[in-house]
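Novice: This is what each chain is made of:
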Amino acid sequence: MPDRKQILVVEDNELNRAFLCEILSGEYKTLEAGDGQEALKILAQHKDSIALILLDVIMPVMDGFTFLDRIREDDVLSLIPVIVTTQSDNEKDEIAALAHGATDYVPKPYRPQVILHRVASLIKLRETAAMVNQFQYDRLTGLYSKEFFYQQVRERLADDPDGEYCIICSNILNFKLVNDLYGVQAGDQLLREIASIAMRTVGDTGLCGRLSGDRFLYFQKRQQEQLDRQFLGHFPDMDVSPLCKSVTMYWGIYEITNRAIPVEQMCDRALLAATSIKGQYHQYFAIYDDSLRNSLLREQTITDAMEAALSTGQFMVYYQPKYSLNSSSLAGAEALVRWIHPEWGFMSPGEFIPLFEKNGFIPRLDKYVWDQVCAQLHQWKAMGLPLLPVSVNVSRLDMYQDDLVETLQSLVKKYDIDPSYLHLEITESAYTDSPGQIVKTVQRLREQGFIVEMDDFGSGYSSLNILGQLSLDVLKLDMQFIQNETSKPASQSILNDVVSMAHKLHLSVVAEGVETRDQMSRLQAVGCDYAQGYFFARPMCRADFEVLWKQAGAQAISRVPKSLQPENAQPCLLIIDEDASYRSQIAQALTGHYRLKEAASTDQALAIIRSGEISVVSAVLLSMTLPGGGAANIMQALHQQPQYWELPILATIPDCNDTETLPFSLEADDTFCKSYPLVALQRRLTRLIEAASFHKRESLLQDQAHRDQLTGLLNRHGLFAALSALRKEDLPLAAYMFDLDNLKEVNDTGGHHAGDQMICIFADLLLRSTRNGDILCRYGGDEFLMILQRMTPEDDVIRKKGDDICLAFKKCFASEIYNASCSVGAALCEADEIPSVELIERADQALYDAKQKHKGHCCLWGKD
Amino acid sequence: MTIQECYQHLGGDYAKMEQRLSSVRLIEKFIAKFLDDGSYAALRTAMEEGDRLSAFRAAHTLKGVCGNLCFDRLLISVTQLTEHLRPECEAIPAQAAALWPQVQQDYAQTALAIHDYLNAVQQHGTTAPHTSSACDADPVSRTEEG
Chain Z
1 MPDRKQILVV EDNELNRAFL CEILSGEYKT LEAGDGQEAL KILAQHKDSI
51 ALILLDVIMP VMDGFTFLDR IREDDVLSLI PVIVTTQSDN EKDEIAALAH
101 GATDYVPKPY RPQVILHRVA SLIKLRETAA MVNQFQYDRL TGLYSKEFFY
151 QQVRERLADD PDGEYCIICS NILNFKLVND LYGVQAGDQL LREIASIAMR
201 TVGDTGLCGR LSGDRFLYFQ KRQQEQLDRQ FLGHFPDMDV SPLCKSVTMY
251 WGIYEITNRA IPVEQMCDRA LLAATSIKGQ YHQYFAIYDD SLRNSLLREQ
301 TITDAMEAAL STGQFMVYYQ PKYSLNSSSL AGAEALVRWI HPEWGFMSPG
351 EFIPLFEKNG FIPRLDKYVW DQVCAQLHQW KAMGLPLLPV SVNVSRLDMY
401 QDDLVETLQS LVKKYDIDPS YLHLEITESA YTDSPGQIVK TVQRLREQGF
451 IVEMDDFGSG YSSLNILGQL SLDVLKLDMQ FIQNETSKPA SQSILNDVVS
501 MAHKLHLSVV AEGVETRDQM SRLQAVGCDY AQGYFFARPM CRADFEVLWK
551 QAGAQAISRV PKSLQPENAQ PCLLIIDEDA SYRSQIAQAL TGHYRLKEAA
601 STDQALAIIR SGEISVVSAV LLSMTLPGGG AANIMQALHQ QPQYWELPIL
651 ATIPDCNDTE TLPFSLEADD TFCKSYPLVA LQRRLTRLIE AASFHKRESL
701 LQDQAHRDQL TGLLNRHGLF AALSALRKED LPLAAYMFDL DNLKEVNDTG
751 GHHAGDQMIC IFADLLLRST RNGDILCRYG GDEFLMILQR MTPEDDVIRK
801 KGDDICLAFK KCFASEIYNA SCSVGAALCE ADEIPSVELI ERADQALYDA
851 KQKHKGHCCL WGKD
Chain C
1 MTIQECYQHL GGDYAKMEQR LSSVRLIEKF IAKFLDDGSY AALRTAMEEG
51 DRLSAFRAAH TLKGVCGNLC FDRLLISVTQ LTEHLRPECE AIPAQAAALW
101 PQVQQDYAQT ALAIHDYLNA VQQHGTTAPH TSSACDADPV SRTEEG
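Protein sequences appear in the order of chains Z and C. Heads up, the first sequence is in my numbering, so the first residue is 1 and it goes up one at a time. Heads up, the second sequence is in my numbering, so the first residue is 1 and it goes up one at a time.
None of these hints come from the bench; they were simulated from the model. These figures come from a predicted structure and were not determined experimentally. Glycine is no exception: its CB is placed at the ideal position from the N, C-alpha and C atoms. Be a bit skeptical, because a hint or two may be false.
[Unchecked claim] Rough simulated footprint, nothing fancy, chain C against chain Z, three-plus residues with beta-carbon under 8 Å:
{"id": "1", "segment": "16-22"}
{"id": "2", "segment": "105-118"}
[Said to hold, decoys possible] List time: in silico BS3-like cross-link candidates among lysine-lysine, alpha-carbon distance up to 25 Å:
{"id": "3", "chain 1": "C", "residue 1": "K33", "chain 2": "Z", "residue 2": "K29"}
{"id": "4", "chain 1": "Z", "residue 1": "K108", "chain 2": "C", "residue 2": "K16"}
{"id": "5", "chain 1": "Z", "residue 1": "K108", "chain 2": "Z", "residue 2": "K92"}
{"id": "6", "chain 1": "Z", "residue 1": "K245", "chain 2": "Z", "residue 2": "K278"}
{"id": "7", "chain 1": "C", "residue 1": "K16", "chain 2": "Z", "residue 2": "K855"}
{"id": "8", "chain 1": "Z", "residue 1": "K146", "chain 2": "Z", "residue 2": "K278"}
{"id": "9", "chain 1": "C", "residue 1": "K29", "chain 2": "Z", "residue 2": "K108"}
{"id": "10", "chain 1": "Z", "residue 1": "K440", "chain 2": "Z", "residue 2": "K413"}
{"id": "11", "chain 1": "Z", "residue 1": "K811", "chain 2": "Z", "residue 2": "K744"}
{"id": "12", "chain 1": "Z", "residue 1": "K367", "chain 2": "Z", "residue 2": "K414"}
{"id": "13", "chain 1": "Z", "residue 1": "K29", "chain 2": "Z", "residue 2": "K124"}
{"id": "14", "chain 1": "Z", "residue 1": "K440", "chain 2": "Z", "residue 2": "K504"}
{"id": "15", "chain 1": "Z", "residue 1": "K851", "chain 2": "Z", "residue 2": "K811"}
{"id": "16", "chain 1": "Z", "residue 1": "K744", "chain 2": "Z", "residue 2": "K674"}
{"id": "17", "chain 1": "Z", "residue 1": "K29", "chain 2": "C", "residue 2": "K29"}
[To be verified] What follows is a set of in silico ranges between Cβ atoms, one per label pair, in the way DEER data are often shown:
{"id": "18", "chain 1": "C", "residue 1": "D51", "chain 2": "Z", "residue 2": "M131", "range": "44 to 54 Å"}
{"id": "19", "chain 1": "Z", "residue 1": "G26", "chain 2": "C", "residue 2": "D36", "range": "18 to 28 Å"}
{"id": "20", "chain 1": "Z", "residue 1": "A129", "chain 2": "C", "residue 2": "I76", "range": "36 to 46 Å"}
{"id": "21", "chain 1": "Z", "residue 1": "R126", "chain 2": "C", "residue 2": "D51", "range": "39 to 49 Å"}
{"id": "22", "chain 1": "C", "residue 1": "G50", "chain 2": "Z", "residue 2": "G26", "range": "25 to 35 Å"}
Turn these sequences into a full structure, and let the hints steer you where they fit.
Specialist: Listed below in structure tokens is the structure:
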């Protein structure tokens with residue numbers, strides 16, 4: 001039962017006082033005073049607990065009127081309602097009592113029902129008023145409450161229809177830190193102090209309110225607000241507490257231009273402007289404008305679409321290959337999420353990932369990607385491909401999920417994957433946020449067999465201390481760090497030191513964002529183990545990655561740096577020979593120079609090839625005298641798999657004049673006679689492996705020389721090489737010359753980064769719109785050539801393909817601030833023609849027509 | 001003597017009183033207090049000393065007490081006396097002086113009726129029989145009441 005309210009009964013006659021108290025005693029507690037002075041004494045002690053005063057007028061010592069005058073002088077006492085008891089026939093007393101501040105009166109004699117009713121009504125009225133007061137003012141700061149602030153702004157605007165006003169919202173940077181460091185009381189004191197400064201600054205002409213926490217609202221004349229901006233940020237020159245001086249504030253300003261917008265929304269906009277600069281040093285205020293609004297609307301649109309995108313499979317996993325810098329072989333891949341929206345097209349991950357990190361969606365998306373990657377690893381395993389590790393991103397928010405380790409464990413279990421094939425890239429910033437927890441989680445993940453990579457090393461406030469605290473497997477150097485360090489002279493770069501340090505800590509080093517040959521050479525020179533970046537390959541869809549994988553062969557990325565692996569310091573040699581004594585002689589002669597794998601029979605050798613173990617082999621020593629034509633079978637098995645085409649095979653024959661085995665040996669890369677001294681064998685093997693490695697690099701460099709660095713598409717050299725490789729069965733061809741209509745405008749308004757992004761998006765669109773074998777080339781700055789093989793030679797089909805790409809490109813930028821469009825000219829090369837430069841010229845002429853007459857569409861040469 | 005008879009003797013309105021205080025015990029308590037109330041004594045002293053202001057204040061208080069206890073007969077004479085004493089003047093107005101014996105008589109009758117009732121209660125050792133159900137529900141002795 002709640003405490004009963006307390007009433008002070010002031011009446012000089014004891015019997016009457018007792019009578020009143022008796023009436024009230026059923027519902028209230030009572031305090032008694034015999035005159036005004038006694039009543040004042042009681043009030044001094046109990047003023048906070050007295051709900052109402054019942055007061056007689058005629059009393060000795062101090063009468064009722066004097067008492068009323070005295071309590072009116074006190075702010076707190078004057079709030080207590082007073083009922084004066086008067087003689088029923090004395091109207092003069094009633095009027096006098098009300099004039100002295102009494103709230104109401106009751107006539108004598110005392111009638112219980114009347115008194116109880118009147119008392120209850122007044123107490124309720126007072127409580128309601130107190131509640132209204134509480135709603136109007138913020139208890140901590142004394143500023144207007146949010147709701148009352150809104151109401152006051154509405155009234156001010158209505159009173160001054162032509163006035164120019166603005167609403168400002170302020171936040172304190174890291175206020176939670178203030179509470180954490182100095183305690184909640186100090187935080188409250190800081191808020192009160194800032195409220196007081198705000199009231200002084202705004203003065204009588206403006207309004208101040210508290211929105212919530214450390215967020216305050218101000219309503220000011222626009223001109224005054226502009227004057228006050230000099231105080232924005234912090235209060236270094238003001239007479240304030242040291243704590244107040246040390247805090248930084250940031251402000252969002254909404255200039256009221258459209259009064260039709262509800263005040264609540266105006267305040268929201270001011271808050272959004274403030275939030276938009278959170279964390280930007282030395283920027284203290286932001287003004288809400290259309291671009292901010294558009295960007296927020298865009299964010300909202302993306303947020304609204306993300307759930308559906310996840311459930312309808314709009315998120316795709318792309319794989320960006322990682323290469324070993326020692327062997328130039330494919331070593332793994334990073335799984336990257338791509339969002340292909342059915343209407344908006346390709347969504348930039350640079351846009352949606354930070355947003356998902358902000359709105360908390362990223363853990364769900366990450367889980368989806370992890371699942372997809374594990375499913376893919378399972379599928380590759382089932383297909384018999386030698387497995388490559390794939391790294392996935394583990395966001396900062398993921399690290400706070402209690403069930404992170406269990407989630408990952410259950411995934412590898414569900415798909416029957418060795419956890420060492422799922423590399424986890426944990427961003428460096430996660431370590432700085434919550435080092436204790438991260439250390440424990442990483443430890444648990446490693447105990448379960450996962451390989452942990454520290455992502456983005458060098459991007460933020462990298463602490464070397466972290467490397468000592470955490471047990472990691474791989475250090476992944478940030479793209480920007482790579483680009484900065486490789487642009488410096490070697491003597492000034494710390495790249496070498498970072499890589500050496502990582503190696504001393506037994507960490508492999510992966511460089512990301514490698515874009516040029518120079519960068520690759522520098523990384524190789526400092527002993528970096530692996531690299532990924534556009535120089536090697538762009539992120540690609542699963543199918544393209546599989547093609548690349550099969551062609552390139554692979555050597556899995558390792559948790560221990562290559563240079564620290566004794567077995568990797570030496571190349572591996574596979575000896576396939578039926579003669580055990582010869583194998584033994586070779587083993588003796590080559591120990592210390594090669595790691596040896598041996599196969600005594602054709603079956604054993606084929607088993608090694610099929611199991612994928614051969615992927616680590618640098619050369620094969622193959623006996624031509626294996627029973628049952630085994631050598632031919634083995635060579636055939638190797639030739640069937642493109643990834644082993646570059647593997648050098650040294651054929652061993654008993655005698656150089658042996659006419660039976662010699663012809664077979666000509667299929668191999670070289671021949672060695674078993675009767676020769678084994679020292680010669682070693683020299684021959686070294687030369688063979690070096691030649692193969694040189695050839696591999698040469699093809700790689702040749703491929704790189706044929707590709708455009710930004711998009712990964714063919715450049716003109718590559719185009720002509722590809723054209724010359726076309727076969728008759730690839731005809732008929734359709735050549736499309738595209739031109740991005742407004743790249744220059746985008747470069748001018750959004751900078752070259754925005755322009756490059758547009759080019760990459762278009763290149764990606766072409767990749768998604770074509771089949772393997774089709775030719776894609778970046779022909780010039782904003783010109784692209786697409787040659788489709790085995791094309792149906794019908795005008796409408798050719799035109800539609802071009803139009804479809806133009807439309808899809810436009811949709812990619814539908815919600816961007818700038819419009820994007822492209823025009824295309826197409827030309828057909830019939831089945832009986834010979835594809836030549838003329839075909840490209842025709843497509844170019846058609847493009848000219850499209851730009852003149854049908855901008856944004858496709859024109860067909862000789863038809864439109 | 002019952003409490004109703006008491007009210008009859010003192011010229012009061014018991015039915016009205018019963019509406020104000022719902023138990024006989026409480027009514028008994030307050031009419032007993034009336035005998036100890038100092039306002040009549042103060043009035044008498046002021047009347048004898050010719051102190052109009054003090055007499056007015058005391059009559060005013062007594063009027064309030066009578067009103068609360070529904071002692072109508074005394075209330076009528078005290079109310080008249082109060083009004084005769086209200087106008088500011090040096091001495092006791094003649095009208096008031098003329099009315100004073102009536103007030104004394106009414107007070108005496110009231111006090112006597114209360115005494116008789118309280119004596120009857122004391123003799124019975126318990127609250128006097130009462131027709132009201134409230135009385136049956138509240139059979140508290142004066143001794144217990146303290």
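Novice: Confirm or reject each hint.
Specialist: Hint check:
no.	hint	result
1	16-22	holds (count 4)
2	105-118	holds (count 5)
3	C:K33 to Z:K29	holds, 22 Å
4	Z:K108 to C:K16	holds, 14 Å
5	Z:K108 to Z:K92	holds, 14 Å
6	Z:K245 to Z:K278	holds, 19 Å
7	C:K16 to Z:K855	violated, 101 Å
8	Z:K146 to Z:K278	holds, 22 Å
9	C:K29 to Z:K108	holds, 20 Å
10	Z:K440 to Z:K413	holds, 22 Å
11	Z:K811 to Z:K744	holds, 19 Å
12	Z:K367 to Z:K414	holds, 14 Å
13	Z:K29 to Z:K124	holds, 16 Å
14	Z:K440 to Z:K504	holds, 23 Å
15	Z:K851 to Z:K811	holds, 19 Å
16	Z:K744 to Z:K674	violated, 68 Å
17	Z:K29 to C:K29	holds, 20 Å
18	C:D51 to Z:M131: 44 to 54 Å	holds, 51 Å
19	Z:G26 to C:D36: 18 to 28 Å	holds, 25 Å
20	Z:A129 to C:I76: 36 to 46 Å	holds, 42 Å
21	Z:R126 to C:D51: 39 to 49 Å	holds, 41 Å
22	C:G50 to Z:G26: 25 to 35 Å	violated, 45 Å
In summary, the numbered hints that this structure violates are 7, 16, 22.
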